[in-house]
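Protein chains: 2
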Amino acid sequence: MTYFSTDFTLGILGGGQLGKMLLAETLKYDIRTAVLDPSADAPARFGCQRFEQGDLLDYDTVYQFGKKVNLLTFEIENVNVDALEQLEKEGVTVYPTPKSLRTIQDKGLQKDFYKKHNIPTAPFEYFSSPTLLNESLIQGKWSYPFVWKSTRFGYDGNGVKIVRNDKDLASLPQGDCIAEEYASITKELAVIVARNAKGETVTYPVVEMEFHPEANQVEYVLCPARIPQTISERAQKIALQVAQSFESIGLLAVELFLTQTGEIWVNEVAPRPHNSGHYSIEASYTNQFEQHLRAILNLPLGSPKSKVAGVMVNLVGEEGYTGDVLYKHIEEVLALEGVTPHIYGKRQTRPFRKMGHITIVHPNIEIARIIAQKVKETIRVIAKK
Amino acid sequence: MTYFSTDFTLGILGGGQLGKMLLAETLKYDIRTAVLDPSADAPARFGCQRFEQGDLLDYDTVYQFGKKVNLLTFEIENVNVDALEQLEKEGVTVYPTPKSLRTIQDKGLQKDFYKKHNIPTAPFEYFSSPTLLNESLIQGKWSYPFVWKSTRFGYDGNGVKIVRNDKDLASLPQGDCIAEEYASITKELAVIVARNAKGETVTYPVVEMEFHPEANQVEYVLCPARIPQTISERAQKIALQVAQSFESIGLLAVELFLTQTGEIWVNEVAPRPHNSGHYSIEASYTNQFEQHLRAILNLPLGSPKSKVAGVMVNLVGEEGYTGDVLYKHIEEVLALEGVTPHIYGKRQTRPFRKMGHITIVHPNIEIARIIAQKVKETIRVIAKK
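Chains as they are written, first to last, in my numbering: chain W, 1 to 385; chain P, 1001 to 1385.
Okay, chain W solo, but in the shape it has when bound:
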């Protein structure tokens, strides 16, 4: 099979920033692409050869789109997996596999999977409704605080809540959920593993995520994580075990908790390029998007090593502003050393919306972190007057 400068077409479900950054790599390789996204304004509407507007959760839309491509992938988990399975049955290659996606889409199934494969994860229990969870509390099987997670379609901190009292409990939406032990976390880490159909794998360095205290969104991602080598190695080993257990094809981003007692727990995984890997565009020998492409095309994988240290700053819409976006003071940020902006191409800002990110690279991670803080304190994502 030859992909380069041919009619071979890669279909991408989802045209957000991840799709857009993946297109930068398909353009580099000259691989034809078609993108499906519900929004006519999707960031990935430029850079593909064909853009279709449509609902990613609609069976027919996804099925029809998939029938027209040679290989199908996705940049978002919230897609119609029944259609993917049908396409697979009919001979369309879908990577990452629908089977792994189905498990990952449901946090209950995902947790069961870890248990079954002896992958360390926080103790948990499944409930078909918050009412049953409440009964379990009354019976003393669970106690505050604990972590509530909706089993379906959580994203960027939605569908996850720390429940500290009856009032928190009463505010939970209906539906399937899990309760998870609330452990004291010292660091949130992530490791990206790439695996191709030949079963070859590469494991990226461990990154460290620093979260915004209120919005539960990542503010900084640091690579390498500032942790002892032994912990790094354990984290990479666990991430590789997860990817191999899933027999994943493409990228698998594994989010991990480092507990105060020194345990490493798998929090959750994403079978796609991930916010925690954006630093790789500037810092790595092979960035995560090119790596995903290599993996799903069953090409040799590239080196996951870093050329330099990297820190990524997410640019999210400032609270109190909704409307046409303005990146205030971006010029001052551009004057700082080793700074590269990625503006996703969303015209409208709203509080906490992911609008872009900025990567800071430097041979020294501590200096990169200092510059990153300056970036964060300088730039403002607001709306025009």
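Hint data in this document are derived by calculation from the structure and do not stem from the laboratory. The beta carbon of each residue, even a glycine, is placed where N, CA and C say it ideally should be. Some clues are possibly wrong.
[Stated by the list, open to error] Derived BS3-like pairs (lysine-lysine); straight-line CA-CA distance at most 25 angstroms:
id: 1; chain 1: W; residue 1: Lys305; chain 2: P; residue 2: Lys1305
id: 2; chain 1: P; residue 1: Lys1198; chain 2: W; residue 2: Lys328
id: 3; chain 1: W; residue 1: Lys374; chain 2: P; residue 2: Lys1305
id: 4; chain 1: W; residue 1: Lys198; chain 2: P; residue 2: Lys1328
[Stated by the list, open to error] Selected chain W positions facing chain P (Cβ under 8 angstroms, derived; list incomplete):
id: 5; residue: Thr2
id: 6; residue: Ser5
id: 7; residue: Phe8
id: 8; residue: Leu27
id: 9; residue: Gln49
id: 10; residue: Glu52
id: 11; residue: Gln105
id: 12; residue: Leu109
id: 13; residue: Pro341
id: 14; residue: Tyr344
Since chain W is already given, all that's left is putting chain P on it; use the hints.
Showing chain P alone in chain W's frame:
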């Protein structure tokens, strides 16, 4: 002025690989673009917001295209400069400036410019035809061997010839030309300088070019050049002097000869991203395309320093093959360390056509060069059966 995620539109004359790689950066910054190119199959037809097919040398086509954009730039020198000058008069910003382009387009004017600004360059003489050059030879003012250059529209070694005898002389096409002293060159070097409208400049490291012995095309570009520090510094100083003399805005790629007697001569310049700067996508803190964008938008310039050493291998069509391109053994190349392919998106190969390039990065330039040779010896750009 704000450019990011607005209606501000950058017009790009030329949609070849340089335009395509520039679009990777406009997408990163979310700056709207329009591209004009004579070919419906131009590599940069994807990734822009608007693509127009048209003749870059036609006054009206260029003028009408320019009237619809906020800022006009070009990725190729062979454009209608009269139209650019008229657009500038009517208030359209054109960077690099039409004035510098007019000088650069004509090799006679370019050489005069160097003379006037005390910029070291090979001794030369202008002739309005090869017949007059022949008379000069007969009179003993010139003797074989010397370098003949057409004053207009030379590209990739076309329009340049080493004239060694009467037969060579007889084969020269009619038209304005210059004769240039043929010196023994030890190395061909290049330095890219970026300058914005505020007059800020940054100078990239010196690169070294290795040429294909027959096709007079660059086979390898190495950064850093393997030359003594003192020569590096002189080369950078001369390149900066050239950029400042032109009051250039945007990138200026300065090609230099290092002679056997240790002199550095300016060969010629290109007011745009340049083949000799492709290594920067993987190796530099700020790649040449992002730098060009920063410069023409009058934004702060980024660091031109390298994270790692880089070697670029041009992928040109193999002799004897014309037709639908096949990148044979590209998979073996992808398995080598630190390798990134750039496939330009031309469907048809022909002998010596620039079809793509491959960058090899490594902390050590000597190892990068060894891998580059392996790349070159492995991949074949041929046509499908």
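Open item on the list: Hint compliance check: list the failing hint numbers for this structure, sorted ascending.
Closed with: Numbers 7, 10, 11 and 12 - these are the hints that the structure violates, sorted from lowest upward.
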